[in-house]
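Residue numbers (the numbering used here), protein chains in the order written: chain P, 1 to 380; chain L, 1 to 298; chain D, 1 to 254; chain C, 1 to 343; chain B, 1 to 237.
Calculated from the structure, these hints are not laboratory results.
Please note that a few of the clues may not be correct.
[Unchecked claim] Which bits of chain B does chain D cover? Going by a derived footprint, with three or more residues having C-beta under 8 Å, they are:
(1) 34-41
(2) 104-113
(3) 159-167
(4) 207-221
[Unchecked claim] Per label pair, the in silico range of CB-to-CB distance:
(5) Glu-56/L to Val-351/P: 46 to 56 Å
(6) Val-351/P to Ile-119/L: 29 to 39 Å
(7) His-168/L to Gly-227/P: 18 to 28 Å
(8) Gly-23/B to Ser-28/D: 35 to 45 Å
(9) Gly-96/C to Arg-74/D: 43 to 53 Å
(10) Phe-325/P to Gly-296/C: 53 to 63 Å
(11) His-98/L to Leu-326/C: 11 to 21 Å
(12) Arg-74/D to Thr-58/B: 54 to 64 Å
(13) Gly-322/P to Glu-56/L: 52 to 62 Å
(14) Gly-94/C to Ser-242/P: 41 to 51 Å
Given the structure is predicted, the values throughout are model-derived calculations rather than measurements.
Ideal Cβ placement from N, Cα and C applies to all residues, glycine included.
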Amino acid sequence: SGSSDDDSSSKDPVKVGIIVSETGVFSTQAKDFQNGFNAAIEHLTDGTGEVDGHKIEVMVGDDTGDAAVGTAKAKEFLGQGATILAGTTDSAVAVAVAEQAVQNNAMFIGGTAGTTAFVGMDKKVFGTAGSSPAGQMIVPKILGDDLKGKTLVTVDQDYAFGQTMAKAYKAQLEPLGVKVVSYLLPVSTSDFTPTMLKVEKDAPDFITTTWAGKGYNQLLGSLDSQGLLDDATFFKPLLLKSDWAPVGEALGDSVDNSTFYLSYFAGATGNEADEALQAYSKANDHAIEYDDAVGWHAGAMVVRAIQEGGTDTEAMAEALQGHSFEGPAGEVIIRAEDNQVTVPQFTVRLVEKDGEWGVEILDEFTAKELEPPVVNALKQ
Amino acid sequence: MDTVLVLAFTGLGIGSLYFLLSSGLSLVFGLMNVLSLAHAAFLTVCAYASWLVVRETNGEDPTLGRLLLAIVLATLVGGLIALVTELVLLRPLYSRDHFDIVLVTLGLGFVLTALISGIWGHEERIIPLPDSLTSTTSIFGAPITNDRLMIIAVAVAVFLAIMLFLRHTRHGLIVRAGVENRDMVRALGIDVRHSFTLVFVLGGLLAGAGGALSGVYLRAISPATGEAFLIFAFIVLIIGGLGSVPGAFVAALGIGLIQQFANYYINGGAGDLLAVMLMALTVLVRPQGLFGREGRAV
Amino acid sequence: MTPREPSVLRTEGLTFRAGGAKIVEDVSLTVPPGEFLGIIGPNGAGKTTLLNLLTGTVRTTAGTVWLGDTDVTRMAPHRRARLGLARTFQTSYLLLGLTVLENVRLMAQTRGVRRMGLLRTLTSTDETLDAAHAALERVGLGGAATLQAGALSHGDRRKLELAIVVAAEAPFVLLDEPMAGVNSEDVHDLTELIRRLHVDTGATFLMVEHHLDVVLGLADRVAVMHKGELLAVDLPDRVTADERVQTAYVGELL
Amino acid sequence: MSRHTMVRVGGVAVLLVVLACVPFFSFTTGGFLPYEINSPGSLQVLALVLVTAALAVSFDIVFGYTGLNSFGHALFFTLGGYGFAMTLAHTELGFGAAIGIGLVASAVGGVLVNGVALRVAGLSFAMVTLAFAEVVAIGIGRNYWGTGGEEGLTVPYRSMPEQLVGVVNTRNIYWVALATLVLVVAVALWATSTRLGRIWQAIRENELRVNVMGVNTYLAKLVSASLSAFLAGICGIAYVIVLGGGVPHMAGLMMSLSLIVMVVIGGRGRIWGAALGAAVYVLLEQRLPELASSEGVKNLPEVVRIPLSEPQLLFGVVFIALIFFLPGGIAGLFSQRRTPVGS
Amino acid sequence: MTEHLLELSDVHASIGVSHILQGVSFDVPAGDVTVIIGRNGVGKTTTLRAVLGLVERTGEIRYDGRRIDAMETSRIVREGIAYVPEDRDVFADLTVAENLALAERKGRPHRYDLVHDLFPELESRAKQRAGTLSGGQQQMVSLARGLLNESPLLLIDEPTKGLAPKVVSEVVKALELIKGTATVLMVEQNIAAARRLADHVVIMAEGRVVAQHPAAVLHDEATIREALGVGTTQGGH
Ligand SMILES: Nc1ncnc2c1ncn2[C@@H]1O[C@H](COP(=O)(O)OP(=O)(O)OP(=O)(O)O)[C@@H](O)[C@H]1O
Ligand SMILES: Nc1ncnc2c1ncn2[C@@H]1O[C@H](COP(=O)(O)OP(=O)(O)OP(=O)(O)O)[C@@H](O)[C@H]1O
Ligand SMILES: [Mg+2]
Ligand SMILES: [Mg+2]
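With the rest of the complex left out, here is chain P (with noise of 0.2 Å):
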């Protein structure tokens, strides 16, 4: 990276590699945590680009869901002389950006993957989406109190994700009296009758699910058919807007009585940023969704790692190790000693109006209420 000090601006720029599925599974995410970063990249620095005199210059790259693609894309922005690489909603992928990135001294900001490997990984590693087990922190408060006795069923994909779920169930409600069933089925299961016989057999009181994609409608399906929801409450985390409609209708009556909860919705807190992000994606004509806020998140980061560490990686990783913003959604918290972000979210109800569904807030919980215990500290 060579600096050129004739340029108009004073200082070095910063260059940025977002790395997006453009095309592919996750391309609707790939443009929302693009709409979320440039607004935040515009609010916080006035519509200007630059932070302290370093004009920040994004490269976008699509990595087409290919952790091959998005390797060489990788290289491709190390190779410019990119000092942070920032996205991707596919864990595959960004596991092996994240990598590509410590193994060069860059900075790597995660997107919306859902993947637990960001959290201690490297210094320099970090993620935005407050994403598991910290989401699952809410579960206990969801449940509510006196839990002694009681069982907890969970339906989840057989794979890397759900995997890590299930785990993450049994450890943080083990210890307050909860019994908790897990089911791992296949991600390609299209028939839960057998599975509901088990669950029928458990009577638990909670049933949740992170099941995402293929069959989750089916899955929600059969436990409304199968009288499953009658006895027990059922809970599940929302993400994209176009889900809410068939999650609502899957579940029948017993969508009323479910708990949903989600780490932003567009207005969730009004707050400057909200509102920013707000009037940005209307001018853009763009419709929100969950991960515009993590979009925000990253954008956030990247001003604030650029204000204190100027184009010295180390010193921008610093800055960020323990440092805490306001984002659309609340205040986003990053512990120092594992790089773990979390973010506020909320438990809300699915209700239809003319035809439309929409949540109504039931409460609130801040990141510090829902800060994960240290589990994979760095190694300094």
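Based on the hints, put chains L, D, C and B with the ligands in the right spot on chain P.
Same frame as chain P, now just chains L, D, C and B with the ligands:
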């Protein structure tokens, strides 16, 4: 007892779906000796077709009538794509190595699947079902969802129809002979082209029905819908015996049942691995499959 | 594995059944080294099947096959071939996508090569090449060496089958209707070729053929098969004189 | 040495030198590659191209040369790559041992899987190999056996030789990829030019004929398939080195099927054809998204935009066109050695 | 009714890049048996296949006065031409009965009596898969398919090949019977059989017709030897 019955019916349900998905493959393979790698893509396209029909005819309030209409139209779409494929892509290649046809279907599979994701994206699309299908019927006291019963009934009907077609028309004979020696069939005064087209279109219709019904079964579809079943269709074909429709029927139901019971009594997911193991065992012990004929003549 | 030179070829109670039908039934046959045995019999008598049983391309139901002192009944076809059993097929069975020369050369290189020899690279100056060319010359296909086998006419394919057997330099040669489809003038030439091969190599020959004059001209003895059974094995003129052979096989001569 | 051979050997030598020197050149390729040809981004893409070309060559041995329709080649690629990655990620055995384990895994897997699958022929063989490959793909997806699931399995960079870590060392990774290709091509060229290689070709034509010539055709096929599997294992290891970890798509159905596409595009049964087909394929796969997301394309009507943003669509169309109009693939343009003949 | 049921004039045929028939012209008189002889590889089979449109061909081919050289094979056959191919070409996977059933042409009587009379084997083996038949039995199936319909013109390629002597004479007798009702164009290597059946002889060499003779020529050793004998061993291509 209830559990066993429910498991048996869900097993038969998924087995019937496997049959619907593999019957077209089996028919086309058995008669034309073409392993259509585009079959999975046909399924997907037809699943989307049924979704479009449901959506366009106001999916807000799904009724059984609309759904049936969607299934019928999707089936026809399957036949239509197959027709075009046969006329444009396959017909010019019959005089060539059979494998070239397999390759063309592979390419076509790429194209169709990519087209679907290009147009409608990768997200899942929901197929809303009427209550009459999502509610259950009690069979010997076990609650069975009606959509399963419908799929089982369709599978049995399709099986019988295929057997009738093979027994009572000359087309099966002509195509089998045509695969061996197309010139000789022509030299007997028979225009083989019609029969080939007909059989391939039948395969397409079956893919259409299969695609639409897998939408019903899964309640949601995505560009990967067809591909996800391909592996099971293959397993069914190998175990049942390549090209034997009764073999595919028995193997499909068998695999469906075994899968459900294994998933319940061993653990979720054991069924998939067990199915592959059964296939390996079949290959070792009886390479021609349950109903396959031993080695073709040399 | 021992034979790779003429020794006694013997079967005892050789039987093959398929689909409930007796196709070859209890055939016991002894062919002394170097003999030329003609095999005749009506269509479907089991002659080709007998050859298939000898080469192992069909699995024996009962009985035994010996090459010299070696019981080869359960041996795979390729192992029997390595013992020196070479054959032609009734309908040509060739590597149609390869050249005529490569068809023969493959046989030449397979013969006698030790396992490791398989890893030697082929060069254009290879002894197998000369052997292959020589074999092609012998059957009169010298000019067709570079053609693709698939482009040969029917009769020429029969000659290529013979060339492969020539290149095998095998002590046991099984010929299945070598003259079928060969034009009548070439029949004389090929008959002479086979006679010379037999004399030159001293190999044991078994030949199934419907051209009676060819069989009678070449064979030391003639075996007659009928409905899977061995009716008789005898000198050529005695066989043709046999009443049963006359009615079941020869019929009225044209 | 004949003149013809000398020209060929000379040509290959020049090509090798040029390829080896790529990291020292610095020019742009008009959008084919990102930035200068020796920038890390370009070298990375080129390394992927080279490794995939090697993989396609290994596949061509079994598919093009021996005529066995293997639909599960990705399995052996995965065994090598994951064997290597898992050893590094879960043990302290070190880099050398990891390579050894990767090689053994693909070799043993090759013999066992093909040993079973070769009991059936033709399209059944295709389906059986595919099913076996799917089991492994499923297992990896579900994070069985410590495979890391759909996140892949990152190789801890501290366990890799220093020379292979970091963007500055991308050129070394490029050379590893080039060496892999050279090795695989050399083995493939040698193997197919032996008598055994000729036997493979003959088996493709008519197995029974070869069998009665005295060849144990089952064994010959098994050797072909296993050698091919072993070479795929080598490519798997190189791929993991290039990517810095195992990724689940290595095992996927798409990988096996796209190998078929690559080899057919390049020309079945021609070593350099397979390599070329793979190169074209990977280059397009890597670079088309760039084109699709460029401003110029974004504003185009859908009929143009969709195909460009879905590379599979283009491959499919090109592939079909090739089968129709150029059955010998790209290599078929330059030689008529394998014109199919109806019988 | 024309005097010549089949007329070929200047017929050329190619397979791939090989130009195999290089201007074949001859006529097949109605009601008679015409036999083509010639060395292996001169194009006899290709000539029959050209008539049927089974190879790429140019030139003029008339059947019963009508041009058939642009017609699709199955059309030509339905005009009333039956074909018995050289390589038997039975459908190995189908049974004997199915093989025969495929040959049945609509609107014509099917002479199962004749066929079963000639080859009783086929009746008893109706359910056997044709691929498992012996070589000669397959030849019988192939002949039977050609004889099943009452076709005005029969194209027969080496009918006696691979048949036991007794069956050869039976086939010859059968063809003699048919001679009255149909026109036959056949390739035959068996000179004895040819002598019995032929009314006319066409001699081919190197993709051309070199002579057309009355049947008597078959008794002329010298001409026959010249047509079939010695000289270059390699056929034209
Ligand atoms: N699977 C089977 N089921 C019933 N019969 C069979 C089967 N396989 C072979 N045959 C019969 O076995 C007999 C022997 O056939 P083979 O080919 O040995 O005869 P061949 O003597 O060589 O006759 P040709 O002279 O016609 O070639 C034939 O009658 C054939 O129909
Ligand atoms: N597929 C092909 N490709 C190229 N040339 C071919 C092909 N088939 C046949 N030929 C050539 O065409 C010529 C004529 O073949 P044809 O089969 O008509 O000969 P024929 O006179 O019937 O010979 P035979 O008496 O051996 O049956 C032969 O020289 C042959 O080499
Ligand atoms: Mg025989
Ligand atoms: Mg001929």
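query: Given a hinted range of 35 to 45 Å, is it respected by the beta-carbon distance of Gly-23/B and Ser-28/D?
result: Distance hint for Gly-23/B, Ser-28/D is violated at roughly 58 Å.
query: Falls inside 52 to 62 Å, the C-beta gap from Gly-322/P to Glu-56/L?
result: holds, 55 Å
- request: Take a look at whether the Cβ-Cβ distance between Arg-74/D and Thr-58/B falls inside 54 to 64 Å.
  value: holds, 57 Å
message: Tell me if the beta carbons of Gly-96/C and Arg-74/D are separated by a distance inside 43 to 53 Å.
response: holds, 46 Å
field: Beta-carbon spacing of Gly-94/C to Ser-242/P - inside the hinted bounds 41 to 51 Å or not
entry: holds, 49 Å
query: Under a C-beta cut-off of less than 8 Å, do 3 or more residues of the stretch 34-41 of chain B approach chain D closely enough to confirm the stated coverage?
result: Answer holds; 5 residues pass the 8 Å Cβ test.
query: Are at least 3 residues of the stretch 207-221 of chain B within less than 8 Å of chain D when you compare beta carbons?
result: violated (count 0)
message: Does the beta carbon distance between Val-351/P and Ile-119/L stay inside 29 to 39 Å, or does it fall outside?
response: holds, 32 Å
message: Can you confirm whether chain D covers the stretch 104-113 of chain B, using C-beta to C-beta distances below 8 Å and requiring at least three such residues?
response: violated (count 0)
field: Supplied distance hint 18 to 28 Å, evaluated on CB atoms of His-168/L and Gly-227/P
entry: violated, 47 Å
Outcome, coverage hint (the stretch 159-167 of chain B, chain D; C-beta under 8 Å; three residues): Since 7 is at least three, the answer is holds.
field: Consistency of beta-carbon spacing, Leu-326/C to His-98/L, with hint 11 to 21 Å
entry: The hinted range 11 to 21 Å holds for His-98/L and Leu-326/C, with Cβ atoms some 19 Å apart.
Comparing the model with each earlier hint shows violations of hints 2, 4, 5, 7, 8, 10; every other hint is respected.
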